[in-house]
Amino acid sequence: MTALRLTGLSKTFGGSKALDDVSLEVAPGTVHAVLGGNGSGKSTLVKILAGVHTADPGGHLEVGGHRARAERFTAHRSRAWGLRFVHQDLGLIGEATVAENIALTEGFPRRGGGIAWRSLHRDVDELLERFDVAARAQDRLDTLSPATRTMVAVARALRDPAGSVLVLDEPTASLPPREVEILLGALRRSVAKGRTIVYVGHRLEEVLALADDITVLRDGRRAGTLARAEVDERTLIELITGGTHTTAHRPAIRADGDEVLAVAGHQVELSVAAGEVVGLAGLADCGARELLQAVHGQRPGILRSMRVDGKAVRPRTPAQAISAGISYVPPDRLAQASFPDLSVRDNLTLPLLRRYWSHGRIRGRHAATDADRLARRFAVRAPSLTAPFGALSGGNQQKVVVARALETRPRVLLLDEPTQGVDVGARRDIHTAVRGAAEEGAAVLVASTDFHELAELCDRVVVLHHGRPLTEATAPGLSAHALLTLLQSALEEALV
Numbered sequence: 001m002t003a004l005r006l007t008g009l010s011k012t013f014g015g016s017k018a019l020d021d022v023s024l025e026v027a028p029g030t031v032h033a034v035l036g037g038n039g040s041g042k043s044t045l046v047k048i049l050a051g052v053h054t055a056d057p058g059g060h061l062e063v064g065g066h067r068a069r070a071e072r073f074t075a076h077r078s079r080a081w082g083l084r085f086v087h088q089d090l091g092l093i094g095e096a097t098v099a100e101n102i103a104l105t106e107g108f109p110r111r112g113g114g115i116a117w118r119s120l121h122r123d124v125d126e127l128l129e130r131f132d133v134a135a136r137a138q139d140r141l142d143t144l145s146p147a148t149r150t151m152v153a154v155a156r157a158l159r160d161p162a163g164s165v166l167v168l169d170e171p172t173a174s175l176p177p178r179e180v181e182i183l184l185g186a187l188r189r190s191v192a193k194g195r196t197i198v199y200v201g202h203r204l205e206e207v208l209a210l211a212d213d214i215t216v217l218r219d220g221r222r223a224g225t226l227a228r229a230e231v232d233e234r235t236l237i238e239l240i241t242g243g244t245h246t247t248a249h250r251p252a253i254r255a256d257g258d259e260v261l262a263v264a265g266h267q268v269e270l271s272v273a274a275g276e277v278v279g280l281a282g283l284a285d286c287g288a289r290e291l292l293q294a295v296h297g298q299r300p301g302i303l304r305s306m307r308v309d310g311k312a313v314r315p316r317t318p319a320q321a322i323s324a325g326i327s328y329v330p331p332d333r334l335a336q337a338s339f340p341d342l343s344v345r346d347n348l349t350l351p352l353l354r355r356y357w358s359h360g361r362i363r364g365r366h367a368a369t370d371a372d373r374l375a376r377r378f379a380v381r382a383p384s385l386t387a388p389f390g391a392l393s394g395g396n397q398q399k400v401v402v403a404r405a406l407e408t409r410p411r412v413l414l415l416d417e418p419t420q421g422v423d424v425g426a427r428r429d430i431h432t433a434v435r436g437a438a439e440e441g442a443a444v445l446v447a448s449t450d451f452h453e454l455a456e457l458c459d460r461v462v463v464l465h466h467g468r469p470l471t472e473a474t475a476p477g478l479s480a481h482a483l484l485t486l487l488q489s490a491l492e493e494a495l496v
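Under my numbering, think of the first position of the sequence shown as 1, with each following residue one higher.
Don't read these hints as lab results, they were simulated from the structure.
Keep in mind that this is a model prediction, so the values were computed, not measured.
Ideal Cβ positions, reconstructed from N, Cα and C, are used throughout, including at glycine.
Hints should not be assumed to be uniformly reliable.
Claimed, not checked - Here are the simulated lysine to aspartate or glutamate pairs, DMTMM-like style, with alpha carbons at most 25 Å apart:
{"id": "1", "residue 1": "Lys193", "residue 2": "Glu129"}
{"id": "2", "residue 1": "Lys193", "residue 2": "Asp125"}
{"id": "3", "residue 1": "Lys193", "residue 2": "Glu205"}
{"id": "4", "residue 1": "Lys193", "residue 2": "Glu25"}
Unchecked claim - Just the calculated beta-carbon pair ranges, DEER-fashion:
{"id": "5", "residue 1": "Arg110", "residue 2": "Thr471", "range": "56 to 66 Å"}
{"id": "6", "residue 1": "Pro388", "residue 2": "Gln320", "range": "26 to 36 Å"}
{"id": "7", "residue 1": "Ala96", "residue 2": "Leu484", "range": "29 to 39 Å"}
All chains, please: the whole structure from these sequences, using the hints.
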């Protein structure tokens, strides 16, 4: 008996097929990974499995021996038949305890006229121990590490013994490498105990380390399903993109590049030249994010001085930073860099409204023309530019945010986790766009917990610890392994 079988699954939105005749089969007690690029259909597939979207007529779903026509598969059936989900945002409450978060889905045990707290805490502690979660029932969620919070969501999803298949949707998108390893280890132990996992992700190295079988979706169709032993990273990239993979080579640093950005603070002095991409590496609390925010005017007290193109600037607000030629791409595109309910077109052009303002009104035709041009230039895939921004895949959302930042032709470009939660194709497009901005003379500063990204994108990487530079490395000797070794060595020396 299979744990999960999909046959001929399709889904149409407004005449456009998001899924087209997709079939896959998941064996019990295995990890089956689902990969794909922007618009490949991954998100639609997860939402059909959860009963959020109704599939087109014609297909079938089978879960643990239960079978239904695709168009009759509902959220009630999904849960009753044993599907459990951990979505990228986790759906947890930071101010609540672990026990409270877990009880919110199944209900609180009652005793007399109140809640049986002692019983709840005992049951939750047993649950956490069963899933090797490094937390206690009475811990506040916001005191836990990101990986532990994710494992709390996993434990909550599998608390019910009727939960037979766990669907994880981009579970590591916001986790640093150390936390990723903790989570993957816990998932391996869960599978060893007989659990079945459908792992929807975009980080190829994680999928190759965890999955037994891998299905790749492309343009809404299944591009292939292969056993882990049959594939390597190059094969997966070719399946995802539909072509031969070639590595985009970083251009050499211009030897005559003038200093564009120079900052000095209590613990940090840093400069970035025209055409240079400088990465900031470290542990999750290394201070890289705070440095970017200070340059962008969000934390005006951190820096003693700052110069852009030799001119002293002291931005105390993001608006002042923008006026000084500084663009910023924050880590959370939905909460910090977009209006999800507005259209893709509006999100592309809203920060540029001054450009379209004439005689007391906005020239909508000019804004629409610019939005269309940007969408083509950055290969933004959307059913329509009038569609809600929130309906786009993560990779396409990030392309919109990056396109908008680059349209202002900044002298300084700040990027915080620029490809977090996007697929390999979107990552390549974003890196190409960032290098293009550098070639045009921008100074680029990148904070990322993805050492592969820093090695691919940067000319120089500075290792930070609590906001203080410890050491740095330069291309062409950059690699993820070299950066990790450098970080470990620098931290050991700093802690002596």
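Given pair status - Asp125, Lys193, alpha carbons within 25 Å: holds, 19 Å
Lys193 paired with Glu129 [C-alpha distance capped at 25 Å]: holds, 13 Å
Outcome of range test on Cβ distance (Arg110, Thr471; 56 to 66 Å): holds, 58 Å
Pair hint outcome, Lys193 versus Glu205 [Cα-Cα no greater than 25 Å]: Between Lys193 and Glu205 the Cα gap is close to 23 Å, so the pair holds against 25 Å.
Pair hint outcome, Lys193 versus Glu25 [Cα-Cα no greater than 25 Å]: holds, 20 Å
C-beta pair Pro388, Gln320: status relative to the range 26 to 36 Å that was hinted: holds, 31 Å
Range hint compliance [Cβ, Ala96 to Leu484, 29 to 39 Å]: holds, 35 Å
When held up to the earlier numbered hints, the structure conflicts with none and fits them all.
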